[in-house]
Structure formats: structure tokens, C-alpha cells
Amino acid sequence: MAAAVIEPPSQRKRPAPVPLEVGAPEFAALYQAHSRAIYYLCLRMLNDPTKAEDATHDVFVKAWRHLDQFQGKSSWRTWLYRIAINHCRNLQQGWAERHVFPTADEFVLQDTVPDPASPFRVLEIKELGERIRRTLDHLPPEYRLLLLLVADQELSYEQVGALTEQTADAVRGKLHRARKAFAAEFEKTA
Amino acid sequence: MNPDSPKLQRLQSELEAEQQHPQQKTTQTSTAREFATPEEMLRHDAAQTVVPPGIKTRLADSVQQEPAPNRSPSWWQKLFR
Numbered sequence: 006m007a008a009a010v011i012e013p014p015s016q017r018k019r020p021a022p023v024p025l026e027v028g029a030p031e032f033a034a035l036y037q038a039h040s041r042a043i044y045y046l047c048l049r050m051l052n053d054p055t056k057a058e059d060a061t062h063d064v065f066v067k068a069w070r071h072l073d074q075f076q077g078k079s080s081w082r083t084w085l086y087r088i089a090i091n092h093c094r095n096l097q098q099g100w101a102e103r104h105v106f107p108t109a110d111e112f113v114l115q116d117t118v119p120d121p122a123s124p125f126r127v128l129e130i131k132e133l134g135e136r137i138r139r140t141l142d143h144l145p146p147e148y149r150l151l152l153l154l155v156a157d158q159e160l161s162y163e164q165v166g167a168l169t170e171q172t173a174d175a176v177r178g179k180l181h182r183a184r185k186a187f188a189a190e191f192e193k194t195a
Numbered sequence: 036m037n038p039d040s041p042k043l044q045r046l047q048s049e050l051e052a053e054q055q056h057p058q059q060k061t062t063q064t065s066t067a068r069e070f071a072t073p074e075e076m077l078r079h080d081a082a083q084t085v086v087p088p089g090i091k092t093r094l095a096d097s098v099q100q101e102p103a104p105n106r107s108p109s110w111w112q113k114l115f116r
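Residue numbers (our numbering), protein chains in the order written: chain D, 6 to 195; chain H, 36 to 116.
Rather than coming from a laboratory, the hints here were simulated on the basis of the structure.
Incorrect hints may have been included.
[Said to hold, decoys possible] With a cut-off of at most 20 Å between alpha-carbon atoms, the simulated SDA-like pairs for lysine to any residue come out as follows:
#1 H:K91 - D:K179
#2 D:K56 - H:T92
#3 D:K179 - D:L160
Small disclaimer: the values here were computed from a predicted structure and weren't measured.
Okay, chain D solo, but in the shape it has when bound (with noise of 0.2 Å):
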């Protein structure tokens, strides 16, 4: 009788992953329809492209884990968006710890600010997310998740509201102080 080989299990070949469209079709309709929107956020939120992609893949093992709890009474979107934030603020708790960043309160706009509802001009847009990267991550974060929520247009000012703690007022309240900060530092990039 042959004797039986067994091999240690760091020897194991892995079988290959199933693609998700085979192994959870519906599941990888859902990656398909949010996960741009989701790894900008973690993009633009974590400012580092390899912390971003961790992130998305992440939150989206956890929004499969937890699929039993998605009530319906939110969109998928919202439901994602908030894992996804809950998510880059708790990674977001050990920089916090080493870098200062200045609340909504505290941020001072210069006396130069420039008018918010004119049209900002991009000479090279190639540049674009270099400098959007850096003009965001001069802002108070409550500034930044709040553009960054608003300029999803699949989310109501009411939903960006439940998405930050605050009512849909007070969301349109912000937003005029979060644009005029995001023009004066956006300026400073050029």
C-alpha cells in the first residue's frame, strides 16, 4: 500500500478565488454599482491610495457579513456610506492622535478669500486630483466629509443630514462655509 502524502498546509495550493459574479452574483451587482463611489470616498478621505483600496475591500466584506441587517428603510448607498465612514474615521483615530487638524469651528478663513460662487478655473486638469488631494486634506474633516457627500448626486441633503448627524438645514448651513473654504485653500494649490 502506497504510502500517503501530506503535504504541510503552507505547501497547500489555495484553490483559486471564484470570480464574484459566479460565486455571489447579486453581491457583485451591488460592488459594481457602489464601489467607485465608495473608494473615492476612502480615497479622498485617507489621502493615500493603498489605504483607500484596503478600505473598500474591507467595507465591503463587512457590508457582505452583515447583509442580514440591511433593512431597506436606507438605500444601499447610504447603507454602504456609512459603514465606509465608520470605517476611515476608526483608522482615522490613530492619526488624529499624531496630527492636528482644525475643527469647523476653529478654521479661519483669510480676509482674501475668493467668492465662492465663481467658477473655478483649471488650466491643466491632469492636475486636478493632485490638487483637490491637498486642498482637502487642509480642511476640517466635518468640512470635507460634507463635499464629499453632497457632490453625490444619488444622496438628498436629507441623507447626507443622517449620514453626519445633523439635520438637512443645518447640512445646507454648512455647506456654504465648507465651499468658501474649500475655494480659499483650493486657491492656495494653484
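Once you have looked at the hints, place chain H on chain D.
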């Protein structure tokens, strides 16, 4: 389609103009642009952002190793609410 139709003639003239000035179009798409609000700029930036394809592969692997979620029969019907 009638080869003398105004629609076709316009298309042809547009194609000819594009062939004669191919650089003009490239320059227009890669230089100045105006955005009315920061949100509009962020939307444009988000639309240009490519989600790294590796995330989906990793996710497939992770989901495969996770126990199947306790799914209600109709959870997927809420997918596109």
C-alpha cells in the same frame, strides 16, 4: 441613408475637420476647464477615478472564505432600490 442628406453631410464635414485638426481636440480635453462649485469638481474627479481592479479579486477571495450570510429570501430584490 441618403448620401446627400444634411445629417450625413454634417457628419462628413465634422469628420474632415477632425482629421485636419486632430491636435485641437486633444488640447481641448486636456487643458482648461471651469467648475461652478467644489461639488461639481469633486464629481468630475470621482468620475475620472479608476477603482483598482485588485479590490474585486481580493473581495471574491474574502467572500469565498466567509460563511454564507444569513440572507432573507428577498434581500437581493432590494439591491437596486
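Right, here's what the structure says about each hint:
no.: 1; hint: H:K91 - D:K179; in the structure: violated, 36 Å
no.: 2; hint: D:K56 - H:T92; in the structure: holds, 17 Å
no.: 3; hint: D:K179 - D:L160; in the structure: holds, 16 Å
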